[in-house]
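Number of protein chains: 6
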Amino acid sequence: MAGRVVRNIARADASVIDGLARLGVATVHEAQGRTGLLGARLRPIYPGARIAGSAVTISAPPGDNWMLHVAIEQLGPGDVLVLAPTSPCEDGYFGDLLATSAMARGCRGLVIDAGVRDVRDLTEMGFPVWSRAVFAQGTIKATLGDVNVPIVCAGASIAAGDVIVADDDGVCVVRRAEAASVLEKGLAREALETGKRDRLAAGELGLDIYDMRGKLEAMGLRYE
Amino acid sequence: MAGRVVRNIARADASVIDGLARLGVATVHEAQGRTGLLGARLRPIYPGARIAGSAVTISAPPGDNWMLHVAIEQLGPGDVLVLAPTSPCEDGYFGDLLATSAMARGCRGLVIDAGVRDVRDLTEMGFPVWSRAVFAQGTIKATLGDVNVPIVCAGASIAAGDVIVADDDGVCVVRRAEAASVLEKGLAREALETGKRDRLAAGELGLDIYDMRGKLEAMGLRYE
Amino acid sequence: MAGRVVRNIARADASVIDGLARLGVATVHEAQGRTGLLGARLRPIYPGARIAGSAVTISAPPGDNWMLHVAIEQLGPGDVLVLAPTSPCEDGYFGDLLATSAMARGCRGLVIDAGVRDVRDLTEMGFPVWSRAVFAQGTIKATLGDVNVPIVCAGASIAAGDVIVADDDGVCVVRRAEAASVLEKGLAREALETGKRDRLAAGELGLDIYDMRGKLEAMGLRYE
Amino acid sequence: MAGRVVRNIARADASVIDGLARLGVATVHEAQGRTGLLGARLRPIYPGARIAGSAVTISAPPGDNWMLHVAIEQLGPGDVLVLAPTSPCEDGYFGDLLATSAMARGCRGLVIDAGVRDVRDLTEMGFPVWSRAVFAQGTIKATLGDVNVPIVCAGASIAAGDVIVADDDGVCVVRRAEAASVLEKGLAREALETGKRDRLAAGELGLDIYDMRGKLEAMGLRYE
Amino acid sequence: MAGRVVRNIARADASVIDGLARLGVATVHEAQGRTGLLGARLRPIYPGARIAGSAVTISAPPGDNWMLHVAIEQLGPGDVLVLAPTSPCEDGYFGDLLATSAMARGCRGLVIDAGVRDVRDLTEMGFPVWSRAVFAQGTIKATLGDVNVPIVCAGASIAAGDVIVADDDGVCVVRRAEAASVLEKGLAREALETGKRDRLAAGELGLDIYDMRGKLEAMGLRYE
Amino acid sequence: MAGRVVRNIARADASVIDGLARLGVATVHEAQGRTGLLGARLRPIYPGARIAGSAVTISAPPGDNWMLHVAIEQLGPGDVLVLAPTSPCEDGYFGDLLATSAMARGCRGLVIDAGVRDVRDLTEMGFPVWSRAVFAQGTIKATLGDVNVPIVCAGASIAAGDVIVADDDGVCVVRRAEAASVLEKGLAREALETGKRDRLAAGELGLDIYDMRGKLEAMGLRYE
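Chains A, B, C, D, E and F, in that order, give the protein sequences. Quick note on the working numbering: the first sequence kicks off at 18 and runs consecutively. Quick note on the working numbering: the second sequence kicks off at 18 and runs consecutively. Quick note on the working numbering: the third sequence kicks off at 18 and runs consecutively. Quick note on the working numbering: the fourth sequence kicks off at 18 and runs consecutively. Quick note on the working numbering: the fifth sequence kicks off at 18 and runs consecutively. Quick note on the working numbering: the sixth sequence kicks off at 18 and runs consecutively.
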């Protein structure tokens, strides 16, 4: 039965979280073996935001945003709200009042596999949201959901305290226990890419830098 | 049979219309009991526009934009064009020439459950459009439709002269006869929210402001 | 069997290509008889870009971006990469490293009926992409595809060397052999429109400018 | 505010309704000037059903099927339930228990722009449903909606007592006041088609039967 | 990194599994508190199948069905294959040869958030499949995935050995450890419904059987 | 400009066409190197049909079925009509009258990237259709299209006289000039599969039959 609120969730180290934010979604996703992406249907309401934070998860009934109020009390500085409806829904669960409240508690953004509204206000406030829809449809407060339980959001499994990374490329989740090691791998990957970027910019080809010609020929590539 | 054009439609009071524009879609939708929203598939071609106006409605065959020319003659200052195709269609019914003509007559924007094109020009002209698609596909002028008859646009029933409110959250329709009362309720709602916004910004919780804790506990919410 | 790379494709005249870019998608599409549009699902990753270039085509397996490296070697200055997956796919085939490499060879942009990532970087670099999705999902390099063979991309048939025109309205293909004649027709069309724009801006109606009233009446249009 | 139930709705003549059922959706839709179709997203749960009946309309909150119980009391023999959610929803509002109750009151079927479940039981019971989805997702009973008020269902405007015609081609609504005249036109159309069917079956061409060749040639059709 | 195959998974009791199959998806979903449904996009390839079995899970790259061969070796009698691609894909991972092999090992069916082919053969063989698409698109065998690891399939979290229930209403997952208790609750629910079905069939109303009238009136329902 | 009708198209050998029909879509698609499939959105209106025939192609404006009458005159025995609208459209271009006419000329079926209606009649007549939608929406006869020109239908490029193969798995096109060789490869593939089917049915594993274990181990597969 719904109605559980888990307090006192564990969080990853703040410096690790901030490091993951700086790497961005694509690099983090690669660094952890191409896993953890949420579905491409989640899009940012405005371009340019790049955040990471600890997930405060919400499982909410369709068209009912009551649990957002409950979840906001559980927010710590640097957290990210992550909401999955229990059945597909585009209603606008979240607007400028809830954003005001969430920001007051240090929340860095919202990831929601449903709708959001007041997007002009949210943009002006600098409160980033990744959502499935922008839709003004109002919600009710009649049924319980859960806070800080494991959820599936846009096809990805997320536990409270997992690290959410989000930018213009979408949203990625990193298991809390793996956050430090993913950061490390991501930094290594980034270092590797820097050198390559310079060579590519100078006109060298990936075919040569990555030594692909032989393998392609062996596979049967033929030039005409 | 198609081919009707209704002239001399009734319109709501201009100050009421402008008041509704200022409130915006989410507040207006709430103020009239969470009704009147058009489907979330209608999105603005550029961010930041917020308008309201009297609907000049168009029922048009798929891929045929002839009736837009007929409708433009029926426009008065402050009106909004609202087009619904008679079967689903993404073609680009409207572009910069029609926008030039509509603006010359005081039109404030277009709501269309189909496609639009020349969106860069429309953006530069400051002519806002809420559409289902951006698509350059041209249309023909071969079949009649209707102007200023009742239509269903993106799932909402709209009569000529109803007030259309549109912003970054989408599009909402207000019955002409209810416009003044909806404005009143919306202003009341807005006043109420202002105080709450300050308290939320100061860190007070919705759980306390709205006195939800008892009811949640009674429903069975449990903290772990 | 996949694995073909065609070198030395023919291209349209550079001045024709640049002329088509200036006209833009909607005008070019009209000028060639309302043909050649790619599906509306291809959207630009940022607004404002308007390009034209010769297509270097790529047929790629789902989730495999190996052929992009092969295709980049075939790029000449002013070319546009056009990728169609052999079955529907939203994975992020292309990011900032590949863009760096493509730009180094004079590539003007990418049209892809799949996903793209690193869109913030691509935006900062000014490398425009029209894609079906923004999705960080990584791809592999395991299977061959083809380069510069005829493809179907977002519903349009495209041959290597055809001219791709792309802007905020979407993407259009012009057969290489018809590029000069389409440009001519487009310029004529544009000239025609200029005069009309002024008359429409002055308040004249399309009904009168295009002499539609008689035909509409004959079709049965009736005013009430 | 929601919560209205209109009793004692007017209905069309039973023989007219049955005549419309016999004609089927495509003919009825043509007979009334190609209007009245509900969106193609509504599909029958099993093939072969062909019904017509008077609409008992339901406007229901997303994920809340309480009003179905209220509506069933308003059913008369030969009626059809028509449900539109107030925001898009695929939840399974209706199953075998509600169907048992509706059948006991003479209901001929359900049209629902949402989900249905227990479809194997419904098929065995011979209770036809046209729905947007088959989805077992349960609903709650917490919020009021309306019964027998005008609704928009799958893009069509429907009033209580309007005639619903549904078969394998989809669903069509006929205004109650126009039902007799639409039937008459439909029968005329049907009579006309019978003769043509025989001629077409004998190998005569539509080009000749409908005398299209001259018009096509005038439009510019050319054979190669 | 992908490439894990877990052997010797735990399974629920066979009689519990068969009991859940008999209850069907809608009842099981209700019995466990309206949780566990996979998305409505998964549809059976033919009507009438109703199965339950232990999940042998597969996480597979897009367009690569190699892991199906690996998974089939892990099948025990009464198992159900459950495949989730690591990025969205409609390719036809599975056809009659794989079904022959799976049936030889006692497999009861396949649940796949991707495509299937040879559906006529599968229907004749009586091998049920719930899939996102029917699509003949072939797959390759080039990249590793995982077998019997936790996956997210069509929005539901599934562990190897969980009980999959599937019928014409869709697919539901029951945690292995909760299977017995869910069966018990489902049987109780079913018993309860039987009596109600008879009363409803006799014309009694849900409004009275469930004693709703008072509550509806208190909520503000009004008859006109 | 539209309005071309090509007469006297070349066709593949009848026995080759019938051989391809017997192989079915999945085998034919594999036999020609996994190419030629039309999009999965095309579905049969009833199960069990399996046909092949020479394509008589139609490029038609949205919502205008005039060219179908023109195309029917071009049909020879064993042909298949293939219609692609020039912009996306779900209208019902085709019903029982056109099917009667097409059958009278020996047509084996219709493939249409749009809607169809009268599906109950078509089913009873045994006239198979693969379509994007079932939708009763009527079409007009006002604008020219083309017959027997190259088209793109559901993402596949099709020329008049190409062989269309269609069954419950979808639709595949085979280039006319390659039909005989594709048939040969398909028969070889089928022969190969027969032996394997028996071994798989006897419980042998694909892992062993196809000798995959070593390669999987080399790739890093690990059992736990």
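Check before you lean on any hint, since a few could be wrong.
No copy is singled out in the list; a pair is fine if it fits within one copy or between any two copies.
Stated by the list, open to error - Lysine to aspartate or glutamate pairs mimicking DMTMM-like chemistry, simulated, CA-CA at most 20 Å apart: (1) 213 <-> 228; (2) 213 <-> 201; (3) 158 <-> 90; (4) 158 <-> 221; (5) 213 <-> 35; (6) 213 <-> 141.
For the record, the hints were derived by calculation from the structure and aren't laboratory data. Since the model is a prediction, treat every value here as computed from it, not as a measurement.
Problem set entry | Violations among the numbered hints, reported as their numbers in ascending order | 5
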